[in-house]
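Visitor: Okay, here's what each chain looks like letter by letter:
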Amino acid sequence: MKSIIGLFLVLAVLVIVPAVDLAFAAGDEPGEYLDRRVIIWNLFFRMMTIAFVVGAVVSGTIIWQVWRFRESHPKAKPTPYEGTDW
Amino acid sequence: MVLELQKPRPIWQIMFSTHHTDVGLLYLILSIGFLFLGGALALIIRAELFLPGAQIIGDAMTFNRIFTVHGTTLIFLFILPFASSVGNYFVPIMIRYKDMAYPKLNALAFWMIPPGGALIWLGFADFSWYANPPYSIISAPGPAADMWIFGLKILGISSVLGAINFIVTILKCKHPDMSIGQVPLLAWSFLSSSLIILVAIPTFAAALLMLLTDRLGVTGFFNPAMGGDPIAYAHLFWFTFHPEVYVLVIPAIGMMYEIIPRFSRKPIHSYNSGIFAFVLLSIVGFSSWAHHMYATGMSFTEKTVFMVGTLAAVPASALHVFNFVATMWNGRIKFSTPMMWAVGGIALFFSAGAGGVANAAMPLDFTTHDTYWVVGHFHLFVMGTIAFGSFGFMYYMYPYVTGRMYNEALGKIHFIMSFIGTILVFFTQHVLGLYGMPRRVFDYPPIPEWIAMNQIASIGAMIIGVSMVIFLANIIHSAGKGKLADTDDPFGVGGKYYYPFEARNPSH
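Sequence lines, in order, name chains A and B. The first sequence begins at 1 in my numbering and counts up by one. The second sequence begins at 1001 in my numbering and counts up by one.
Mixed in with the good hints there might be a few duds.
Covered stretches of chain B, as calculated for chain A (at least 3 residues, CB under 8 Å) [stated by the list, open to error]:
| id | region |
| --- | --- |
| 1 | 1257 to 1271 |
| 2 | 1307 to 1318 |
| 3 | 1330 to 1340 |
In silico PhoX-like pairs for lysine-lysine, Cα to Cα no more than 25 Å straight-line [said to hold, decoys possible]:
| id | chain 1 | residue 1 | chain 2 | residue 2 |
| --- | --- | --- | --- | --- |
| 4 | B | K1412 | B | K1481 |
| 5 | B | K1104 | B | K1172 |
| 6 | A | K77 | B | K1334 |
| 7 | B | K1172 | B | K1496 |
| 8 | B | K1334 | A | K75 |
| 9 | B | K1496 | B | K1334 |
| 10 | B | K1098 | B | K1496 |
| 11 | B | K1496 | A | K77 |
| 12 | B | K1174 | B | K1098 |
Rather than coming from a laboratory, the hints here were simulated on the basis of the structure. Please read all numbers here as calculations on a predicted model, not as lab measurements. Cβ coordinates follow ideal geometry from the N, Cα and C atoms, glycine included.
Take the sequences, apply the hints, and build the full model.
Guide: Below, the structure is given as C-alpha cells:
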C-alpha cells in the first residue's frame, strides 16, 4: 500500500504541479488568458483519462472478485484467519 | 442492546437514559422516522415531475417547500443522526470505555434534534436547503424561513456538541493499552468527521445569524439593496457544506470498513492507508468549497485553485476503494445483506466520483451548472454511497439492537430494488442535465426526451419507495417475530465483533 501512495504522489507531482505552475506563470495580458485555458483543459483531459482508466479497471476488478471470491465458488477456500479471533 | 428487547423496560427509562446504547437507540429510531418522512416528500416530487404541467402539487411555491424540507430532512435528520446512532453504539465499545466521555451532553445533543426537526417541518420553508439569498432575506415568507433558520441553528449546535463528545471520547477515554494507531477505523471515521464539524459548522452558524438579521432588516450582509453581497453567503455556506459532504460520507466509509473485512473473513488489508485517507479527506475537504461557485464571476486563477483542490479528493477516495478491493481479494465472501449494501455502495461511490471529476472541471461545470446533472451527482453520492453504507450497517447492527435476525431474503430484495431504483433515478438525472433540464423546477416544457427521462426517474423512485416499505415491514416484524440471533456470531462469519454484550445498561 505504501508503494501505491508513493505512486500517487509521483503522479501528482508529474501531472498536476507543472500544469498549474504554467497556468500561474502566464501573465494577464490579452491572449495569454486563452493559453491558460488551454493548459487547464489539457490538464483536465489528462486527469479524466487517468481517472476513467483507473475507474474501469477497478470496477471490472470488483465485479470479477465478487464472482470469484464468493463463498459458493467451487474454488473458494477458508482464509488463514477463519477460526481465529482476528 | 440485545438487552432492550429481551428485558423490556418502560420507554421513559430509555428516553431519559444517558447510556450510550440508549442514546444510540433514540438516534436510530429518530433517523429511521425522518428517513420515511423525507423519502415520502421525494416520492411526491417525482410524482409531480412524471409529466409536464401541474400534476398533484397545486403551485410552484408548494413544490419549493417540499424539496426544501426533503433535502433538509434527509441530510440533517436522517444521515447525520443515523451516523450518531452508530457512533454512540460502537465508538465506546471500540475504544474500550464504559460510555461516551460526557453522557449528559450526549443526551442533550440528541434531545436538541426533535425541536430542530419540528421547527423545520412545522415551518416548511421554501428557499431550498441552501436558503438562497437574496430571495431568502427579501421575499421568503415568514415565519417558515425564520423557523428553518432557528431549526438549523439548533441542529448545528447539536452537531458540534456531538462532535466534541466523540473527539474527547476517542482521544482521552480510549483504553490506556490502546494507542491511537490501534483505534478501529470506524472510530477513526468519527474522529475525522467530528474534527471537520468543529472547523466547518461555526462558519455556517455565523451565516445563519447574518441571514436572520438581514431578514429582520437590521443588517444587509447579503442584501444587494443595502450594499450586501449574496455571493458572500455562498462562500460561507459552502465553506461549511462542502466539508459537510465529507462529514456525511466518512462515517459511511467507516461503516464499510467494519462490514467488508467481516464478511470477507479477513482483516482490513491496510489499516494505515485507511487512516491516511480519512485524514487526507478531512483536509482536502476544505480546499474545494468554491467549486460550487464557478459561475459567479470568480477569477480564472481562483477557479483553477479550487479545481485542483477538488481533484485532490480523488486519490484519498481511491485509497479507500483500493483498500476494500484488496481486502476482498482472496477472501471467502459471504454475501449477506450488509455486504451486498457495502459492495453496491462502493460501486456507486466510484460512479459518483467520476461525475464529481467532471463537475470539478470548470469548463464542464459551466455546462452542467444548475441542471439535473448536479441533482444526479449529489444524490448518487448521498443515496448511492452514504445511504447504502448506512443501510448495510442498519442490517449489520440489527441483531445487536434487537437480539433477533431480520429476514435475509427481504433484506436482499430491499437491496436489489434500491440498487436498480438508484441507477434508474440518478444516472438518468445526469443525462437529463446534459439535455439541459434545469433543477428545482416545478414544471418543464413537453420535450419528448425530457418527459421520457423524467418518467424513468420517477419509476426508479417508486421502486425505491416500494423497497423501503419492504424494509420497514422487515425490521418491524423481525424485531418481534424474527429468529433469535446467535449473539456471538450472528452472521456466521467468525472473527471478533464489537458487540457490547458486556454492556448491561448501567444506570446513570
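Visitor: Would you mind marking each hint as holding or not holding in the structure?
Guide: Checked hints:
1. Closer than 8 Å: that is the beta-carbon criterion, and the region 1257 to 1271 of chain B has 6 residues meeting it against chain A, so the requirement of 3 holds.
2. Under the rule that three or more residues need a Cβ within less than 8 Å of chain A, the assignment of the region 1307 to 1318 of chain B holds, with 6 such residues.
3. For the region 1330 to 1340 of chain B, the stated coverage by chain A is satisfied: 6 residues place a CB nearer than 8 Å to a CB of that chain, which reaches the threshold of 3.
4. Note on K1412(B) and K1481(B): the hinted pairing holds, with a Cα-Cα distance of about 19 Å set against a maximum of 25 Å.
5. For the proposed pair K1104(B) and K1172(B), the alpha carbon gap of about 17 Å is at most 25 Å, so the pair holds.
6. At most 25 Å may separate the alpha-carbon atoms for a hinted pair to count; K77(A) and K1334(B) meet this at roughly 12 Å.
7. Between K1172(B) and K1496(B) the alpha-carbon distance is near 24 Å, which keeps this suggested pair within the 25 Å criterion.
8. For the hint pairing K1334(B) with K75(A), the CA-to-CA distance comes to about 14 Å; that is within 25 Å, so the pair holds.
9. With a C-alpha separation of about 16 Å, the suggested pairing of K1496(B) with K1334(B) holds against the 25 Å cut-off.
10. The suggested pairing of K1098(B) with K1496(B) holds, with an alpha-carbon distance near 19 Å, which does not exceed 25 Å.
11. At roughly 20 Å between alpha-carbon atoms, K1496(B) and K77(A) fall within 25 Å of each other, so this suggested pair holds.
12. Only pairs whose Cα atoms come within 25 Å are accepted, and K1174(B) paired with K1098(B) is accepted, the gap being roughly 10 Å.
Checked against the numbered hints above, the structure breaks none of them.
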